[in-house]
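Protein sequences appear in the order of chains A and B. Heads up: the first sequence at position 244 corresponds to 244 in UniProt numbering, and the numbers run straight through without jumps. Heads up: the second sequence at position 569 corresponds to 569 in UniProt numbering, and the numbers run straight through without jumps.
Derived by calculation from the structure, the hints in this document are not laboratory data. All values derive from a computational prediction rather than experimental measurement. Do not rely on the hints blindly, as some may be mistaken.
Each pair of labels, with its calculated beta carbon distance range [what the hints assert, rightly or not]:
| id | chain 1 | residue 1 | chain 2 | residue 2 | range |
| --- | --- | --- | --- | --- | --- |
| 1 | A | Ala117 | B | Leu47 | 20 to 28 Å |
| 2 | B | Ile64 | A | Thr315 | 50 to 58 Å |
| 3 | A | Asp205 | B | Ala269 | 39 to 47 Å |
| 4 | A | Thr349 | B | Ser438 | 54 to 62 Å |
| 5 | A | Ala95 | B | Gly361 | 48 to 56 Å |
Idealized CB from N, CA, C, for every residue including glycine.
Now for the letters of each chain:
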Amino acid sequence: MRRFSLLRLALPLVLVLLLAQALPAAAADLTVVSWGGSYEAAQRRAVIAPFEAETGIATEVVQYDGTAAAIARRAAAEGWDVIDMLSDQARVACAAGLLQEIDAAALLGRAALADFAPAGPTRCAIPQNVYARVMAYDERAFPGVKPSRIGDFFDTDRFPGKRAVQRGPDGILEWALLAEGVPPEQVYGLLSTDRGLRLAMRRLDAIRDDIVWWTDPAEPAAMLADGRAVMAAGFNGRFFDAARSQAAPINIVWDGRIIGIEVWAIAASTDAPEAARAFLAHALGPDAMARLAERIPYGPARRSAFERIGQNPETGAPMRVFLPNAPGHGARALVRDSLWYANTEELRTRRFESWLDGDR
Amino acid sequence: MRRSRENATAGPALRMLVLTGAALAIGTLAAFAAIALVEIVSALNSLLLVDPRARVQWERQAGIVTAATLLVPTIGGLLVGLAHRHLSPDGRPLGPPDVIRAVQFRAALPPARSGLVSTATAALSLGVGASVGQYGPMVYLGAMIGGVARRLRLGVPNLAAIAVSCGVAAAISTAFNAPIAGLVFAHEVVLRHYATQAFAPVAVASATGYVIANVIFDRPALFLIQFAGVSRGHEFVLFAVLGILVALAAVGFMRLLLATGPRLALAVARPELRPALAGLAVGTTALALPDVLGIGAETLRFTTIEGAFGMAELVVLVAAKIVLTALCIGAGFSGGVFSPALLIGSLMGALFWTLATGVAGVATSGVAVYAICGMMAFASSVIGAPLTCVLIVFELTRSYDVTIAAMVAVVFANLVSHRLFGRSLFDVQLAGRGVDLSLGREWARLAALRVLDLVRDDAVVAETGEAPDAVADRLSRQGWRQAFVAGPDGRFAGVFTPGAPAATVGDAARPPTLTFDETTDVAGAMERLRGFVGDAVPVVDSASGRLLGVVSEADVVAAWLDESERLRKEENASL
Chain A
1 MRRFSLLRLA
11 LPLVLVLLLA
21 QALPAAAADL
31 TVVSWGGSYE
41 AAQRRAVIAP
51 FEAETGIATE
61 VVQYDGTAAA
71 IARRAAAEGW
81 DVIDMLSDQA
91 RVACAAGLLQ
101 EIDAAALLGR
111 AALADFAPAG
121 PTRCAIPQNV
131 YARVMAYDER
141 AFPGVKPSRI
151 GDFFDTDRFP
161 GKRAVQRGPD
171 GILEWALLAE
181 GVPPEQVYGL
191 LSTDRGLRLA
201 MRRLDAIRDD
211 IVWWTDPAEP
221 AAMLADGRAV
231 MAAGFNGRFF
241 DAARSQAAPI
251 NIVWDGRIIG
261 IEVWAIAAST
271 DAPEAARAFL
281 AHALGPDAMA
291 RLAERIPYGP
301 ARRSAFERIG
311 QNPETGAPMR
321 VFLPNAPGHG
331 ARALVRDSLW
341 YANTEELRTR
351 RFESWLDGDR
Chain B
1 MRRSRENATA
11 GPALRMLVLT
21 GAALAIGTLA
31 AFAAIALVEI
41 VSALNSLLLV
51 DPRARVQWER
61 QAGIVTAATL
71 LVPTIGGLLV
81 GLAHRHLSPD
91 GRPLGPPDVI
101 RAVQFRAALP
111 PARSGLVSTA
121 TAALSLGVGA
131 SVGQYGPMVY
141 LGAMIGGVAR
151 RLRLGVPNLA
161 AIAVSCGVAA
171 AISTAFNAPI
181 AGLVFAHEVV
191 LRHYATQAFA
201 PVAVASATGY
211 VIANVIFDRP
221 ALFLIQFAGV
231 SRGHEFVLFA
241 VLGILVALAA
251 VGFMRLLLAT
261 GPRLALAVAR
271 PELRPALAGL
281 AVGTTALALP
291 DVLGIGAETL
301 RFTTIEGAFG
311 MAELVVLVAA
321 KIVLTALCIG
331 AGFSGGVFSP
341 ALLIGSLMGA
351 LFWTLATGVA
361 GVATSGVAVY
371 AICGMMAFAS
381 SVIGAPLTCV
391 LIVFELTRSY
401 DVTIAAMVAV
411 VFANLVSHRL
421 FGRSLFDVQL
431 AGRGVDLSLG
441 REWARLAALR
451 VLDLVRDDAV
461 VAETGEAPDA
471 VADRLSRQGW
481 RQAFVAGPDG
491 RFAGVFTPGA
501 PAATVGDAAR
511 PPTLTFDETT
521 DVAGAMERLR
531 GFVGDAVPVV
541 DSASGRLLGV
551 VSEADVVAAW
561 LDESERLRKE
571 ENASL
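The following block holds chain A by itself, in its conformation from the complex (with noise of 0.2 Å):
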């Protein structure tokens, strides 16, 4: 009688450990989960660090691959409260329930709403940087005439050698309709339609011998960098990074950029809810913004952000010129329609797949 009791008691303690040991994860109070790389390098430093300073909460981060499957996947295994998202796959997990809902106005105020551009807080998620999805390529590839607009993506004659380039049809496809000389606010509404997916597949077809694909944020820059590639399009801080920490001799063309908005959002699933909202009000307050665009040129989602990036704390570089939204970067530009890629994933993807598999 004793000893079973004993057993009872003993039993819970000895699981506890058990899963503690699996799951490091518990260890820490806080999981954010983010991309790896030299983005998240920058994230540690600009936000997280000075986040756990300020509260005492201790933090951990893990990597995802940025899909909504993903958390469905793994966040309640793994124990995931805060994730890095794009805005429209934010989306697709809020309509799943994946996420939870945040009221913005209780979290940073109301006056707050007003001062992030170019979008605003979703239900579930709420902007914290502005990428741009850039191509960039290797000066040591054409010493002579150098791309300069989109087109030139697609031109094998003029600029040959191999293009790398997402295994997906995220961007590429607006890529092929801008070549097409369509006009940035009619991309999407061309993409909406059956003739228009042909054309910029059929473009693609103009480089389907020449691509190499990569899935990793990281490899279009590295490919750059050791010559598997000599165009890529990739994210303009990641091309940024291998520029300056490896001395790659890469650069970007802005012409064309597709410009898209990362939200911070809590798990459905979370068991820290307190200490993940603690998390939003710190990285969406302007001085966390401000220090992560000053370690890698991703803009801040918010307008009072902007006056107070100041230079690169490793190498004294101006940050502001690098940022995707900086004037001066010319006219062409595309901004992500998050709501129709959400909405359009599966058929994208389906369309994409085919091409893929050889469908002309």
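Using the hints provided, position chain B relative to the given structure of chain A.
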């Protein structure tokens, strides 16, 4: 003559102030109204799954898209039909012809209620994806705002017409982001003269619309295009040929459009069912050819991309769009013809280019310039405004090369369509309502004056039974040489001239050298008075033969001179 009102004018400084102030106010209001109309249509398009960008997001639920495609235009058509029947005093959509008529004849626009219903049904028609255009309703909306000035007695001659033109110019300027085209459209199509007094305020209103669209709302340009230039000289011959071919199609389109309304009215008795049926036709066609839905901004863009359409696709789309537009407008959907004309023309331009390069193997500088040439040639044939169309190209593309190419296509198209059909669809529609502008505004104005309104009350009228001496006495007393004789039933019996021996004036009456009837207008009377000798002409009812009155030659000439003077003053007014 209404000299009294025209004399009661304000001083030049005040007139300038009134005209400028009115232009600013009307320009601002018309611009906001035009933007609101565009926004409402765009919101309805998204909500009702007409816009491809909305349709694609429901792509997985194919049933919903199919149901919306069929039901939305059909139910929309029914609502439009019901609204016209029960809410509008005029019972039909209003558009540029009504504006032209009001301005040319110094008349009021149709009742405001008809105008408001017409504008609301236009928003609905466009919102549900009927194959109609947005610029006609916009022109009417602008005109309606300008029309308010007619009620104000501000002491400025011609203010009513100028104010309406200001509204029209601002609406076009806002909608196209094209202030010069707005200014020229108002003069070329609505006012039809270029007096400084009108030109200055209309330009102010047009610029106001542009400022509001660009500076305050920062609306995107309607049709941006990158074009390096026409690279080969022989292409200008192709542009001219394209213009002629497109004009032939435009004439066919306009004839079909005019014939559809009456035919449909015979076939479908209930007027509210006609737009519903037209909507159903649009929806059914759109299941196979979604390009026919709505204004077709995406389709318009595709025509400038090489290889976006196959040749067979282009032929089918041109035919479908021509038939559906004629059907929708003939059936009573509220909307214009300009946007469909742009689309049909650019599809034809792309078709022409495909034939020229693919079949005939001619070297060209790309499809885009052919699409634009076709677009403007077709539109210009329909609205009868070559200058406006050339300027729209210039302002939208900001490319001198494209503009010159379009100019060549536009003038050849206008030559053909004017010769075969008439100056514009609007003028032919007005002619169908008894207003003939084909010989110019002066002739039309004179043709609108009836001689019946000029009959004198001092002419000597005698009964058939009266004694000749008594009548001769009255003639000499009143200073007339002839008396006009009518029977006891009032029927005209002839002209009596004293001198011939007879028992009664009835026996002495002779048939007159010239008679007018109740339909004779001043323009026709002047033609027939050539070579006429005598004091006056009897006006005799054409049906009953009764004498309605007598007009003197001098009065007809005076009416003609007065009207000419009014026109001359209006067309040469400086302030």
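* Could you tell me which of the hints above the structure violates, numbers in ascending order? => The structure breaks only hint 3.
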